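So you can see what is in the structure, the chains are spelled out below.
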Amino acid sequence: MKAPSLAMFSRVSEMEAIPDIEAAALRSDRFRLQRESDWKRLEYILSRLERGQLRKLSDEEVVELPALYRMAASSLAVARETSLDAATLGYLESLVQRAWFQVYGPRLGLIAWLRKFFAGQLSRSIQAIWLDICVALAVMVAGTITGWLLVARDTEWFYALVPTQFADTRVPGASREVLLDSLKVEESAKGMSAFAAQLFSNNAGVSILAFALGFAFGIPSLMLLVYNMALLGAMLWVYSSQGLTGEFVAWLSVHGTTELFAILLAGAAGMHIGRRMAFPGHRSVLAAAAESGQRAAQVMIGVVIMLIFAALLEAFPRQLAGTEARAIIGGFMLLFWVTYFFAFGRNKPEGVS
Amino acid sequence: MSSRALPSQLRERRMKRVRTMITPEGVALPLTIASRGSRAGALMLDLTLLMFGTVLTTWLLFYTALGSVAGQELDEVPGSVEFLFVVWSVFWFVAWNGYFMFFEMGPRGATPGKRICGIRVASRDGGRLTPEAVVARNLLRDIELFLPLVMLISTAFGSGGAAGWAGSLWFLTFLLFPFFNKDRMRAGDLIAGTWVLDAPKPKLAETLSTSGTVATSTSDVTGTQYRFGEEELSVYGEYELQTLERVLREARPEAIEAVAETICRKIGWNPGSGDERAFLEAFYAQLRARLEKDMRFGKRKADKFS
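Chains as they are written, first to last, in our numbering: chain A, 1 to 353; chain E, 1001 to 1306.
Chain E with its partners taken away, still in its complex shape (with noise of 0.2 Å):
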């Protein structure tokens, strides 16, 4: 994301994911559904683990099956590579089947593909997910995923003609199941009363009002004082003042100095060069200040149109 201003346009669409949850203590979370383009990263990256894991694992056990009977006369399969078999058997069995229910099961709720993306499976009904959900979404995986790509591949080169097609196509429906609801639900959350949501872990960054021009509204460069007036103060509303927030924490010298020409020019100030930081740390404590003491009496400003 640029720290040039978001466009509004990007900020809508990402409202347009986020969904309210009230826990029983009355407070209101939001949750933002996860994008599709975050659940296909996941599922790419969670597939490329599974065919490298399994793959490997069939490469183990092959060497450990000629191994097993170098240097023998071949008459009949020996008991130890009938063994390995039935091992190799089992294993791709239970890991095609159980890697994505083990790892949803756990206290994550996500697969190390989801982890890495930044998402998690919940339950959307608010409650706890239960094993039988995280069963349920995961089954169908099969009609979803790989039967369509199945379908599709040999129809593309040329078996089934007119009804691989049509089976194609129906396949499709519950491929593309995410694109035509607005939770971007796939059939297995459907039928699982699932859902899958992002789970971002951001650390707590620093208080700006501590140090700095900020806490002091004095320049640390020059030694100057800023003041603001009541007038100046009121051009600005919160959506403005959390954007300039942003602007101070990213500290990219060409934003800040964006920003400060901007602002300068709304208030009338004559922009200057140099001290800008210390000019916007100023303003965003005293905005900041004036906009905090009017919310304890009850009077919000959404923004500079309000």
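In isolation and in its complexed conformation, chain A is listed as follows (with noise of 0.2 Å):
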């Protein structure tokens, strides 16, 4: 191999010297230079803060973390117009949008968010989606009252309505004795901490369902409702026929109320959002989606909660109180729940979200 020389990259015809010497370094780098420092530390106290250890920065850092945002961001317009090192241009583009995620940003802790939620955004959530609810629990009645009607005319449509593993004793024919036997009350509560966990768990799926269907224009959860709720209807008259009625009502309402009233919660906010992604008004359809769907959400955790308290109400008091005890405790949730959303939280303005 020869050695390398200028010749080898001269030019065919003539090369065409040029006098003036160009400077050592360009004009954009040294702009650059100037202001790395600055982003270094950007970056630093970014990484800390996506780290989340937001109590580990000093307070300088804090305080300096707007302005050095404000520089980089201007760093980036200037370079914009006067750099083609696309190096540098694509590390403060990915700076900046770093930073302005942090800085406008500004979250609220878990524990502040839950302070809000629980004192009023909740009950406004629920109160803002009023006609789904009267919509959903209208669903409800209607088909309570199917079911009841089906039954009655032709007790055959029992065995279609109700899955075998509820209809052990409990089908239309049966005596009074092993009608009430089944409501009677447990003599220990062992075994039912478990049976608790595992209704919490089923019921929740159940509601995550019904809402999630809501997103196909609502009508998948209408169907999950009226379907529950004829099986409901079946059961009410299997006990009425035998002039139970009271009692199954009192046994239920324990914790019925709570958990009717979560699951007619979770279809009224599925249907929220295909209402209004039907019928969006003069917004686009993706902007009421986005509005609905954080307000049904919010109404979401509402209906998890609500779910936990009806299955442990299902698991103790109901197996353990007697029928005025047990009337008295259902009454009382559904007075609570009711009060809560509907009265609590007015009249304040819609938080920010």
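Hint data in this document are derived by calculation from the structure and do not stem from the laboratory. There could be a bad hint or two in this list.
Claimed, not checked - Quick look at which bits of chain E chain A covers, simulated, 3 or more residues with Cβ under 8 Å:
1. 1018 to 1030
2. 1035 to 1048
3. 1082 to 1090
4. 1105 to 1111
5. 1233 to 1242
Since we're looking at a predicted model, the values are computed, not measured. Glycine included, every Cβ here is placed at the ideal spot set by N, Cα and C.
Two chains, each in its own frame: build the complex with the hints.
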């Protein structure tokens, strides 16, 4: 290999010599080197923030963040007009983007958010979907009546509606004693907490499903509500045919007022999204979907909390308390939820969300 | 990505994913929608992590339960086992429903899988990502992912028949939702007002013009000075300059040789060998100085065709 020299790259015709000497470093690189330490500092603060170490940052660093962010943003604006260094531009773009997420995303801590949520935000969200709640309630009542009427006309319907694991001894034609026995008070609380935990995950799964299906314009949510309530109507008929309506309602109401209310809210929340997407008003469908989705999500957090209560009530007081106590607990829970959701948190401005 | 000229189709496809956001300072920031591939990858990672975590905990709880009843007469389930069962039920529910929510509410807006894949969740309107939005987007995961898969598997193995297939088809529209809109939102993103963005974290690379031939235009190997005239430098534009920058930064000998040869041919020099890097560095420095000077006067040249 011969020694490399300028001749290797010489121009074919003639060499054009330029007399003036280039500046040693490019002007845009000098611009960058002057500001680099600020960018590095911003990056360091950002990486600490992203790791969730807000508390470990010193006061000066927290104060510096917005200033450093603005400096980086203006560096980016200048660099775009003066520099062609792709690496620097790419770095600055991602740095400003990361900083923007931190500077303009002042998060509420989980605790602060929970406080705001329970002190009115949840109630306001539920009040905002009142129309859907009314529709869902009407559908549930209609479902119950349908179940009742179907079984009253032809008891064969009972076996079509009720899945076999529920219909152990509680079938049409069962004697009064058998039915009364199924409502009896348990002697001890053994095994009850396991029962409660299972109930909770099962019910929560069902209500999340009812909510999620609302996305398809609400129709599947309604179908789920109708079916579940028809099942209840059928059961109600079986008990009332033996004159046990009061006992059954009391037995059911302990946890039922909470659980059915929660399922009602889940169905209504799903339907709310579907309705808003079908009739977005003057907004775009996407904006309407996003707004209603976030509102419905808050309702769903409330639903999950209600279901925890329902499972605890179902496992302990329902199995351990007598008829009057059951009715009182159930009535009280219903009153509690209605008051909390509809009388609480009114006349406050809609929280910033 | 290969350093040999990026195919223009790839570049175009990437540009399709770029959206622009204006910060309150008036700076336009490009945001890149995460590709479906990296989202699927992130999901796989997260599900694998979840599966390992929950199954491991189940095993631990199971062995604890076994240990607590070892050597006892088993007439009925003892309280300790029942307690462990409650812990397990609650844990399972919280893990599978709370994992995504917990991590996406954090300051990074990403689950561990998303973080590894370099993507994050962000609010579509440019505001902050609220807890409500995170909850909303994750509550739909059931009908988007688990139900379609369960439906498909059960129908494929014979139960359900025609209704099963219809149901599967219906659920598939949820599963395939990201393929039907340009922002690649899934149904959960749609109702939560969120989208998933690339969140790259590039390191600040070295300045090129402070060392070597870029700074002096003089080759360290041969001591020769490269000087390019107006005519030679006016051949290329910004796109070629930045491609050249990438070649120099990646420093792969074969790419450098190929690019040096191409440039020589283009500007009518004799391609030689042995000093390509110095040649390219000098060319880069002078081309960039020229283009940046023009830029300051408001004259820009996007690529060699303009």
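Hints, verified against the model:
{"no.": "1", "hint": "1018 to 1030", "in the structure": "holds (count 7)"}
{"no.": "2", "hint": "1035 to 1048", "in the structure": "violated (count 0)"}
{"no.": "3", "hint": "1082 to 1090", "in the structure": "holds (count 6)"}
{"no.": "4", "hint": "1105 to 1111", "in the structure": "holds (count 5)"}
{"no.": "5", "hint": "1233 to 1242", "in the structure": "holds (count 3)"}
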